[in-house]
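Enquirer: All chains should be modelled from the sequences, with the hints used to inform the complete structure.
Residue numbers (the numbering used here), protein chains in the order written: chain S, 1 to 279; chain U, 1 to 317.
Among the clues, some could well be false.
What the hints assert, rightly or not - Computed cross-link-like contacts, DSS-like style, restricted to lysine-lysine with a CA-CA straight-line distance of at most 25 Å: (1) U:K292 with U:K304; (2) S:K135 with U:K68; (3) S:K135 with U:K65.
The set of hints was computed from the structure by calculation and includes no laboratory data.
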Amino acid sequence: MNMDFSPLWISLKTTILATLLTFFFGIIAAWFVTRYRGKLKGFLDGLLTLPMVLPPTVVGYFLLILLGKNGPIGKLLYLVGIKIIFTWWSAVLAASVVAFPLMYKTARGAFEQVDINIVYAARTLGVSEWMIFWKVIVPLAWPGIVAGAVLAFTRALGEFGATLMVAGNIPGRTQTIPLAIFFSVESGEMNKAFIWVVLIFVVSLAVMILMNYWNEYQRINTQRIGRRKYGTAGEYKKEASRIHFKGKLQGIRASHGVTWGIRFGQKYDLKMYSGNRKA
Amino acid sequence: MTLRCIAGIEKPDEGKIVLNDRVLFDSEKGINIPSRLRKVGYLFQNYALFPNMTVEDNIGFGLQKLSKEKRKAVIQEKIEMMKLNGLEKRFPFQLSGGQQQRVALARALAIEPEMLLLDEPFSALDDHLRYLLTKQLIDTLSNYHGITLFVTHNIEEAFRICSELTVLNNGAVESAGKKEDIFRNPDSLSVARITGCKNFSAAKYLSNNELEAVDWGIRLKTDRLITKELKYVGMRAHYIRLALENDRDNVFCCWPSFVNESPFRVTVYLFIGNRPESKQDYHLQWEIPKEKWMEIGREPLPWKICLSPERLIILNR
Chain S
1 MNMDFSPLWI SLKTTILATL LTFFFGIIAA WFVTRYRGKL KGFLDGLLTL PMVLPPTVVG
61 YFLLILLGKN GPIGKLLYLV GIKIIFTWWS AVLAASVVAF PLMYKTARGA FEQVDINIVY
121 AARTLGVSEW MIFWKVIVPL AWPGIVAGAV LAFTRALGEF GATLMVAGNI PGRTQTIPLA
181 IFFSVESGEM NKAFIWVVLI FVVSLAVMIL MNYWNEYQRI NTQRIGRRKY GTAGEYKKEA
241 SRIHFKGKLQ GIRASHGVTW GIRFGQKYDL KMYSGNRKA
Chain U
1 MTLRCIAGIE KPDEGKIVLN DRVLFDSEKG INIPSRLRKV GYLFQNYALF PNMTVEDNIG
61 FGLQKLSKEK RKAVIQEKIE MMKLNGLEKR FPFQLSGGQQ QRVALARALA IEPEMLLLDE
121 PFSALDDHLR YLLTKQLIDT LSNYHGITLF VTHNIEEAFR ICSELTVLNN GAVESAGKKE
181 DIFRNPDSLS VARITGCKNF SAAKYLSNNE LEAVDWGIRL KTDRLITKEL KYVGMRAHYI
241 RLALENDRDN VFCCWPSFVN ESPFRVTVYL FIGNRPESKQ DYHLQWEIPK EKWMEIGREP
301 LPWKICLSPE RLIILNR
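Expert: So this is what it looks like as structure tokens:
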């Protein structure tokens, strides 16, 4: 069996770029809708969430209409000599659009949770809105934003329907792992499909665990988990990471393979919260 | 709400806000200066510190435009002023409530505001802590030369901290002036009630120095000239006293209908004229220290009390 690994690289490139795009646009859209007080709020939110609930083929269909040679955007791009449909860029676009609502929804939830008085307080201090957004609001909503990014990443990685419709299945150019799996199965190459399945499974799980892990670490350092005995933030961080590291070692030692993440979580909770947590 | 409008957090429907000749808001001229340009410090009820920043960074947040050295100098100065030394690198969640409040104050004062707004800063605290922080607040504010506006529902707190009072009722100014004046001569029923007066009666003008307290069914002499605009008469619960031998004006016979004891004081509900039929019947609330109650309780009924003319609160609205 001769294995072509290009789908892996194409998938990673597409997903990373799509995640970055959804990350920024998702945050901006989420903040805009959070602050927007007009009548169109419900409509706007619905529109931005739509790609999540529509079948990916429908999203692909719309993209095809918009970006095709005769579509409104496609026509403009064609005039300046850019063709998007059935290129790698359209795979990125399809993944971005489909993953966008996950980023947007999660980030918006996180923004709504930010204590509005803190934002007001920042305003009375004479600081620009831009500064307040990046230095106060985003850090406070950070765990939610990261969660959104993780979800967007995995969703972009798994994107199939819309990608197939706008980017096609061109090996070496637009064929991502999900497409490779489908076409391997279709042509009866079950072993090849199996390798891709394992790969995508491992990558998805690893990213989820890593991001959760890191997110938790951030939370320990920045959020209230009760008044502790440490004098300075430095000592505090050191202690937090020490416990963190210890937990990791114990977790790995305690079990093997897939379950270590779960085991670790339990240990971790016990260590951090027993007796120290104050509601 | 008033504070929020002054700080520019909320937009009033109409009116004008002027601070030291600077128009902050004018609905007619369409002026509404954004919060960040108003130079108004705001101490929030829950302090609203930035949980993701250390004490230093919290205090220095409003000083982004200054150079690094200058910023450091101001932060250091405020830390000294608020006695936060040694806490510079801590996060808000690692501080006590009092410390958090001092950080919030330091942060608000760091930008040298022309005005400082305090939004019920003690409402969430227990009595002991409240007294402690009140004292601290008075100390720190003695160094601040701008105007300070302190909002509270607790009149005693307002009296302890402020020199001038403004009573707001339904969003409108009901009374304003020196705190002593407002307590001595409240000029409306609601102001008198807010300053802690417990006994009121509708009043009728009889002559220039006599009125009829309709609800109490008695006639009262006053030491001031009264006019026909007279509406109510009030008497503070702790100014009522037992009549002395030589008292001739405003002495009445009354019976207690109900007694309510606090740790150090007793509130007696009095019925004037004859014996009350039930515990719900009473005209006056009388507050006395416990020791005094021991003596009065032994006096034969009915008790003779005196509502001294100089203690009566005359209200024209």
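Enquirer: Identify every previously stated hint that the structure contradicts and give their numbers, smallest first.
Expert: Structure breaks no hint.
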